[in-house]
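2 protein chains.
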Amino acid sequence: MNGAESLVRSLLAGGVDVCFTNPGTSEMHFVAALDHVPGMRCSLCLFEGGVTGAADGYYRIAGKPAATLLHLGPGLANGASNLHNARKARSGIVNIVGEHARDHIAHDAPLTSDIEGLARPVSDWVRTSRSAKEVGRDGATAITVARTAPGQVATLILPGDTAWNDGGAIVEAEPAAVPTIVDAPTVSAAAKAVRDARKPAVLLGGSGVHEAQLTAAGRIAEATGADLIAEWANARMERGAGRVPIRRIPYVVDLAVAMLAPYDTIILVGARPPVAFFAYPDKPSVLTAPGTRFVTLASSADDTLAALTSLADALDAPGADVVAKAPLARPELPSGPLNHETLAAVIGHHIPDNAIIVDESISIGRDFFARTETSAPHTWINNLGGSIGYGLPVATGAAMAAPDRKVIALEGDGSAMYTVQSLWTLARENLDVTVIIFANRAYEILRGELANVGVQNPGPRAIDMMSLTRPNLGWLDLARGMGVTGQSVQDCEGLSAALAAGIAHEGPYLIEAVI
Amino acid sequence: MNGAESLVRSLLAGGVDVCFTNPGTSEMHFVAALDHVPGMRCSLCLFEGGVTGAADGYYRIAGKPAATLLHLGPGLANGASNLHNARKARSGIVNIVGEHARDHIAHDAPLTSDIEGLARPVSDWVRTSRSAKEVGRDGATAITVARTAPGQVATLILPGDTAWNDGGAIVEAEPAAVPTIVDAPTVSAAAKAVRDARKPAVLLGGSGVHEAQLTAAGRIAEATGADLIAEWANARMERGAGRVPIRRIPYVVDLAVAMLAPYDTIILVGARPPVAFFAYPDKPSVLTAPGTRFVTLASSADDTLAALTSLADALDAPGADVVAKAPLARPELPSGPLNHETLAAVIGHHIPDNAIIVDESISIGRDFFARTETSAPHTWINNLGGSIGYGLPVATGAAMAAPDRKVIALEGDGSAMYTVQSLWTLARENLDVTVIIFANRAYEILRGELANVGVQNPGPRAIDMMSLTRPNLGWLDLARGMGVTGQSVQDCEGLSAALAAGIAHEGPYLIEAVI
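As you go down the protein sequences, you meet chains A and B in turn. Its first residue numbered 2, the first sequence is counted upward by one per residue in our numbering. Its first residue numbered 2, the second sequence is counted upward by one per residue in our numbering.
Hints are computed from structural coordinates only; laboratory data are not their basis.
With a cut-off of at most 30 Å between alpha-carbon atoms, the simulated BS3-like pairs for lysine-lysine come out as follows:
# : chain 1 : residue 1 : chain 2 : residue 2
1 : B       : K65       : B       : K326
2 : A       : K134      : B       : K284
3 : A       : K284      : B       : K134
4 : B       : K193      : B       : K326
5 : A       : K65       : A       : K326
6 : A       : K326      : A       : K193
Using the sequences and the hints given, assemble the complete structure.
Take a look at the structure:
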């Protein structure tokens, strides 16, 4: 058995049975092994950002890592921005990168590059296999690292000779570690902090915004009057009818500061003290009031459900049955022009039961979250790393992980272009994803940001750097070119009909909503 | 004057007056400065690989660096594979990357990453500005580095506060250094080596394949019987009717070894000893015969024209007037089906005078180079870094640098998808680029490579990783979606008519050649 085959068999032994790929010559032995070893579902992406983003989305929904297959340093570089996003979301990925055979590297061939150097800034763990004999072991270690709570990016670099030489051995990864249970003194300290607080809040992140955790947090709120708050961006939040509603910290610094100002004590559960997304002259980086007391109940690696339940019990909180949950109250369908308010209502009306919403709507989506609180129960996915172009790839991976759930990708037109090649993979795999492109034909958020830095009347050169006109993007043409059907709409009635059609359609469907 | 404005003014003072951009929030002060300081031509790309590849193409034709503007670490990462290619091509680029304000970095905001770490593997020089006062000086240094012969990637990281604070100063870059003239002993040693050789060759790379250098090399060939050979990939080769013809070292290892086997002595002029693109089991990495003697006449940083002229003179070579040059003999137009032979003939027939050919045709293009030797005089551009997706961006930059020349981009369908967003920039800037997409609907080269590693009858999983069917890409739809017109052809007659139409059209035009 050569090294490549031992790696494929070790991945399968470790429960990694999905591989998003964009291979090249140096990965051909791995492709050959994928071919003759049954059991791995392979999905081709036409750009590497699609590969890594899909692995991120897969982890968020499946709760276990997928593998990637990338071609040397440049392939890794093309996938690096979505690895950055995955790492910030704490998604576990077994990120496999081909490398020249070790004897060839010294010759500085065209594709030779410092792969480990490129990998380190976007990985929690990097290893270059040294021989065919060690590849199985390295693969098993990568799986163990990737599924170390709450999830890590493990990059395994596979020189050609370690793939093609004989001597490979199948190694099974250690079972995934169970998340740590926080100890009693930590729970007691948090309980005392809540009781002592003038105005407490519980700030939830990571697994803290899953359904059972929110219910446990709701018991704490009922018992103490503490407010429940989520971070601005969440890897996977469960919400809608029947779930405990929760506000997110706003993106805009002034709004975030105003929201957080009242709290003298913040209990952290899988979350970090909130900071501004960007720095601005004369605005703070820290969003909480000076002197705010932070008490960590559970880190993102801990068992947040056990921690919240213990805290609720320590506070003599009532049972889960009294916790207030969102009713089912779909927004009324509006009519007329599309804007951030009416878009939110139409989408909130149509979200189907158990849908997965991947939100990369940026500026146009500022009302979406609030207006979907009482929609049908659903999962809401955000970008935690801030590198745009995460949406279509993450939707790809989420749909692979949950073939029985409808995925809705909310995409700004600017954002969607970065990884537009993912539409092709949606078509090839016939993934059940409805994509809504908000065609405002601008990097709209930058217009606001330019004003924030003091430019009130931008001239033509600045406007050109933020507008997507000249020419307008034709989203139906782009979709058709990659095998995805859809329609273009310009008002609420059109969007509502298109969304109903997309949701009824089994497979990918793209709606261009011209704003 | 704030730091951002001092940087823009220092760039202009140093002759850098083109900037390819994909900015974000942290770069808004730079955008504001670009807006109110006249003189910088700014071109927006919808993906960062388009930005960096365009800067590469601009340098190859203009012979001077352009600037980029990228958004933080992920923006740099998205542009890194084309920086890798640019660096291998020795293209000078002033690569500007925004960064959070320095006080904000410690807060580990979503977009925080190790930008210097990401930059180092794809840069010859990396600096993070420390204050507004130093930004102008750092920009001037970056220009000096970028234009250090034969061209370097200089990455300047610009924290937000260094852009928005006052105290900026305009600094003019030092004049570009003149390439080194090789000394007399080096020339004498090369002359002796040629005379002593049983079978000598002159291997030309870098500026060694420009028109005057090839003519000087032709004098050496006339005098000594030495063969002239070019590297497999060349940043900018001048060829066609009236230029000295030259063979390239083949990509396929066995063919390259056979071609190089006869030579006991190889004179290097801007070239390196040839190595295989990839490693294969049981094939060599070094392509020349054991014991081949390499004598370096000139490195890629030296004045290759002076070196070749001195060597020709030392060998008492005849004057340039006796050097054999390619006649003008356009290939006959073939008819019927498109294949690698007929495609080469149709393209060779239509190349217009002084055109720039950007070749990313990969497997289908194996006859293109030979069949265009006697076409109208033109420039031929290759990918030196091997990371596919270089073609459309490089064509963008080349067309920006030479608005009076027709650019023809020869693109595999697989390759073109990596940076397909560049079509939009071609449309926005109305660049005079005719794109031919060779739609063989496969990563065809990988099929051969899989056979090379011993898989003769690939199964469905391997075939799926190399085929671009299910669905077929619709290139006219993709082009139309980004504002580019064109047509689809299926035979020689169709391609010939379409190519004539594309060349007559002033602006971007896309031809889908279905193979």
